[in-house]
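Q: These protein sequences, in sequence, are chains C and H. Note that our numbering gives residue 8 to position 8 of the first sequence, counting from 1, and the numbers run on in steps of one. Note that our numbering gives residue 391 to position 7 of the second sequence, counting from 1, and the numbers run on in steps of one.
Think of the hints as simulated: they come from the structure by calculation, not from any bench. There may be inaccurate statements among the hints.
Stated by the list, open to error - In silico contact screen, one side only, chain H against chain C (beta carbon under 10 Å); selected entries: (1) Tyr392; (2) Val421; (3) Leu443; (4) Val446; (5) Val450; (6) Arg473; (7) Tyr476; (8) Arg499.
As the list claims (entries may be wrong) - Here are some chain C residues the structure puts well away from chain H; computed CB gaps all over 12 Å: (9) Met1; (10) Ala52; (11) Val175; (12) Ala240; (13) Thr264; (14) Pro273.
Cβ atoms here follow ideal geometry from the backbone N, Cα and C, with glycine treated the same way.
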Amino acid sequence: MDRVAIIGASMTQFGKREGWLRDLLVEAALDCLDDGGIEPGEIEHLYVSNMASGEFEGQTGVPNMLAHDIGAVPAYTQRVDQTSSSGGAGTYAAWQSVASGVSDLTMLVGGEKMTHRSTAEATDVIASITHPYEYKQGVTLPSFAGLTARHYLDKYDAPRESLGKVAVKNHKNGVDNPHAQFQKEVSLEEVLESPIVADPLRLYDFCPITDGSGALLMCPESVAEQYTDDYAVIAGVGGATDTHVVHEREDPTVMGGVVESGKTAYEMADMGPENIDVAELHDMFTILEFLQSEDLGFFEKGEGWKAVEEGVTDRDGDLPVNTSGGLKSKGHPLGASGVAQIYELYQQVRGEAGPRQVDAETGIACNVGGFGNCVITTILEAAR
Amino acid sequence: MSMNAIKYDDGTISYPAHPRGLEGGEPVEEIDLTERVAEVVTWTTSTATPPGVRQPNHLAIVEFEVEGQPVRVLGQLTTGEVEIGDEVRPTYVEELREPGAGMREPESQDWDGYRFEPTQ
Numbered sequence: 001m002d003r004v005a006i007i008g009a010s011m012t013q014f015g016k017r018e019g020w021l022r023d024l025l026v027e028a029a030l031d032c033l034d035d036g037g038i039e040p041g042e043i044e045h046l047y048v049s050n051m052a053s054g055e056f057e058g059q060t061g062v063p064n065m066l067a068h069d070i071g072a073v074p075a076y077t078q079r080v081d082q083t084s085s086s087g088g089a090g091t092y093a094a095w096q097s098v099a100s101g102v103s104d105l106t107m108l109v110g111g112e113k114m115t116h117r118s119t120a121e122a123t124d125v126i127a128s129i130t131h132p133y134e135y136k137q138g139v140t141l142p143s144f145a146g147l148t149a150r151h152y153l154d155k156y157d158a159p160r161e162s163l164g165k166v167a168v169k170n171h172k173n174g175v176d177n178p179h180a181q182f183q184k185e186v187s188l189e190e191v192l193e194s195p196i197v198a199d200p201l202r203l204y205d206f207c208p209i210t211d212g213s214g215a216l217l218m219c220p221e222s223v224a225e226q227y228t229d230d231y232a233v234i235a236g237v238g239g240a241t242d243t244h245v246v247h248e249r250e251d252p253t254v255m256g257g258v259v260e261s262g263k264t265a266y267e268m269a270d271m272g273p274e275n276i277d278v279a280e281l282h283d284m285f286t287i288l289e290f291l292q293s294e295d296l297g298f299f300e301k302g303e304g305w306k307a308v309e310e311g312v313t314d315r316d317g318d319l320p321v322n323t324s325g326g327l328k329s330k331g332h333p334l335g336a337s338g339v340a341q342i343y344e345l346y347q348q349v350r351g352e353a354g355p356r357q358v359d360a361e362t363g364i365a366c367n368v369g370g371f372g373n374c375v376i377t378t379i380l381e382a383a384r
Numbered sequence: 385m386s387m388n389a390i391k392y393d394d395g396t397i398s399y400p401a402h403p404r405g406l407e408g409g410e411p412v413e414e415i416d417l418t419e420r421v422a423e424v425v426t427w428t429t430s431t432a433t434p435p436g437v438r439q440p441n442h443l444a445i446v447e448f449e450v451e452g453q454p455v456r457v458l459g460q461l462t463t464g465e466v467e468i469g470d471e472v473r474p475t476y477v478e479e480l481r482e483p484g485a486g487m488r489e490p491e492s493q494d495w496d497g498y499r500f501e502p503t504q
């Protein structure tokens, strides 16, 4: 099987944007085509990662709209919705389209427009993924994080401050990301004194509500050099699910979808955690960075917090995590977040990450939907 | 309104009911949880609640022991004054969340159920 190369990538400014989803998707798509030196008519498959354009702004049929707007008709189009992991799932779908030999040039564009809705409304759209039993309890994704954080801190005797240090680290990284929603540092004191959202977690333990888009161009590695000699390769990708009802999991501190998707990606790449140079983890909530860093095998279960305390995951640490600023600082436009994770790795493994650059030839992205309900893990490496 | 854990033909027990269990087993028995006590595994107080949900919303994951197996259930608490390990029991509430206030179609599900209150 021919491996799949990424030959172009883009992401828009993340944050509160004036444009609607259509504008955001077009902006990322055209920037990506420009980055890859591709004409729209060359696109054979066009995937759009998006969770809830119908619910957020009453616009459906988005992939066809985008194909027309960028001049990519008659490309095959498909929307990919996997809640917060839609971007990762879109990456997987786009990879499949090329790896299977069906498409020789595939574009993925992920995006979401959210900030025109109130926090309560946006929270309800996201919480609508829950089981009817959970929904009537008023459970939200942040409250799952609060429940899990308290259990984790108690079970592993971890200090509350360790979660705050995830936010401090990722905000510090976001300062050097011009696309990030928040390009400012926060202190540990600010994190620990911010308003409670889901006890013991506070405002700065959570990602913001965000508008934004990102895009990737993929082709078979065997022809990548026809476009560029500066490409990256998807060395491995895996997707998995965990229980829909969160409380039915045997251990609330283990995300089974992360474990399983990671195994698949590592096996495909013929790599293990020891081969990974940089990681983009789905820090929608600070606690998630601990869980994913453990469930991907970087640290023993219950030890992820120590790595943050010891600076292992800092930009200059042994395993830099979320050099982009993560969802925490960069923002979380649902359908775009997984694409933006790959965008960061694409820059890192090609040595194009500017002030965020770390010594990296391989990188891993973990994109989580729901509260670990659906997960996509992707491994990128530099072209050989 | 009942709160029945489901036993599947592979011996596993869980709540709420699914057409098949996690290991693929078929449901064979309902086990009433409403007269039992459970232990708080973890809890939170959510202050940013969506439409139709009380604010603040105290929530917990509690654990029943059923036929020697742990059966976990997430639910609202009657109070935020709890600790991990506290014993709680279910207490019926006619409306856990206002139907129709959020985006879920009101007729698509029921809205009554049980909160957990400390036994001490």
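Q: Check each numbered hint against the structure and report the violated ones by number, ascending.
A: The structure breaks hints 1, 2, 5, 6, 7 and 10; every other hint is satisfied.
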